[in-house]
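**Q** Just so you know, the protein sequences line up as chains A and B, in that order.
Going by the working numbering, the first sequence opens with residue 1, and the numbers climb by one from there.
Going by the working numbering, the second sequence opens with residue 223, and the numbers climb by one from there.
Hints may contain errors.
Said to hold, decoys possible - The following label-pair restraints were derived from C-beta to C-beta distances:
hint : chain 1 : residue 1 : chain 2 : residue 2 : range
1    : B       : 232       : A       : 68        : 45 to 51 Å
2    : B       : 597       : A       : 134       : 38 to 44 Å
3    : B       : 525       : A       : 141       : 45 to 51 Å
4    : B       : 598       : A       : 220       : 27 to 33 Å
5    : A       : 121       : B       : 526       : 27 to 33 Å
Keep in mind the hints are simulated off the structure, nothing from the lab.
Glycine is no exception: its CB is placed at the ideal position from the N, C-alpha and C atoms.
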Amino acid sequence: MLRAAGLVKSYRAPSGAALPVLAGVDLAVKAGDLAVVSGPSGSGKSTLLNLLGLLEDADAGETWFDDVRVSGLGRAGKSRARGRCVGFVFQAFHLLPGLTALENVLLAARYVGRPAGEARRRAEALMEALGVLERRDHYPAQLSGGEQQRVAVCRAVLNDPPLLLADEPTGNLDDASGAVILGALRRRAEAGGAVVVVTHRPAAVGGATAVYRLAGGVLEAA
Amino acid sequence: MLRGYAFTIAGIAIGVGGLVALGAMSERIVRFIEGGDRFVLGQISVAGRGMGMGAGFTAGGLLPGAAVRALAGVPGVAGVQSQVLLPLNPSVSQFMTLTQELVLGLDLTVPMPNRHYRELPVRAGRFLRAGDRKVAVLGASFAAARGLGVGSRLTLEGDAYEVVGVLERTLTAPDRFVIVPIADAREQWVAKDRLLQTLLASGAAALTAGDLNTGAAVGWRDGEDPDVVARRIRETVPGVNVQLPSELSGLLRASTAFFSALLVGIGALALAIGGLSLANTMAAAVFERIRDFGVKRALGATDLQLGREVLGEALAVTLAGGLGGVALALGLGWAIDGWAARSGQQLFHFSPRLLAGALGFSVLLGGAAAIYATARVVSLSPAEAIRRGA
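Bound-form chain A, shown alone (with noise of 0.2 Å):
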């Protein structure tokens, strides 16, 4: 589903040289895959997720999502591409404060032209699924850290998207909530999706297909 080659991506320091970040990374997930991506802090995990999400453009390499070379699509083209084929779990849960859980869940919706009450059925399912649907009025000030990040997966999922990327999403987790959240990110990849796990603790992902360790750049299977 996701094929990534040669990925080359460099910061500027504030002196103005430059911070090589990733030197040239491939990578290829199935559908189905669970892939988990690990490194030391500042290995430049963050980054390769948002590589191959569209989140920001590389410096050289190329990202493709099933035929379509996306990295080479104007920032339109990229947009639709987020909307329609990718699913982002942040470690911080990237609420918006503004709106109720339900409204944060189908905010996905919002930017595909989803029809609103196919959607909002769809939502609820999801909310409901991870135990949150009581919570569904709620604002995210008003909710612990996992019941967010719960919110965060539906709406990560709820455009069904084939590519699931989760970064750190257990980060800011206790040990409890945590093991919700991969569990419902092991059932995405078991229903077909293409998931991708960024975090510095891979033992705590079971049921991972493949594991690699980003050290140096350089993207190697642990």
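Position chain B against the provided structure of chain A, taking the given hints into account.
**A** Just chain B now, with coordinates in the frame of chain A:
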């Protein structure tokens, strides 16, 4: 849609409130100047030659009845109305001539010749009629300052007058007038002026009541140039001071130049303060949500979708803030004017053009600020927007 924007709306409301309040003070001054200008351009003002009792803008000497009749005979003249204009309190009449209180005596046997004020608008009661005696119609500020209304009694030079009417507020000179029949005004003039009393008692001058005029308002026939008619009066009627409407308008504008400059300054200040406050608040509100925009783009929002969404919110927020600001300014103006009314003053004039202009200005500027801020935000990658907003 406006949830979470309470502080932004409040910030905009304060900016727009300041803009509207300052603008309303400016409008008040504009109305004062324009009202005076409109009045003097509607008639040719004639006074007797010399320096007599006349007050305000018709200062001059006695205008005898013969001169009034001569004025009526000048080609191009359509009507002449004798007038007596006196300071209510002569001891302060020479100061603050823009705000002095005046007694205006009108010859009610002829219609008012002023083309712009065929009749003065009456808010309560009625205007004077031919044959009236010892009755008065009051300007709005004069009445408010003294708590007088229709049916009230007013004492002028020892005589009791019944108030039969109160004028609409014009925001210019007539607001401070006491308008009485000319015969009553002539009695007041004699009572006020010892020199005139001595002159009349000595019999040295053959004066009748009809000779006691401080001036006359002269109208012109349709198609006539008022300045040409005024020059014709100068040439054909001796012993009069004739003021050309355009000349008087120029004099009035020159004497109010300070106020004109002041209102330009107030207007510029209002636009700068209100505009900067509004634009800054709106742009800050957009930048504050930079992470939200990054998340939305991660969810698939295109630049166009995001821009449309932000612009819609910005317009709603600025409109709400603008309406709040207008309400704030109206409330503030109402409270201050309520206090100022006790001394017959009105400091604010909230004209429809001001309110519509302020709302339009706030929506346009808010929209422009939001577009600028959004353009800056969407130029970032979604990842960068999320990073910066985290």
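**Q** Compare the structure with each hint and give your call.
**A** We went through each hint and held it up to the structure:
| no. | hint | in the structure |
| --- | --- | --- |
| 1 | B:232 - A:68: 45 to 51 Å | 47 Å, holds |
| 2 | B:597 - A:134: 38 to 44 Å | 41 Å, holds |
| 3 | B:525 - A:141: 45 to 51 Å | 29 Å, violated |
| 4 | B:598 - A:220: 27 to 33 Å | 39 Å, violated |
| 5 | A:121 - B:526: 27 to 33 Å | 28 Å, holds |
Checked against the numbered hints given earlier, the structure breaks hints 3 and 4 and satisfies all the rest.
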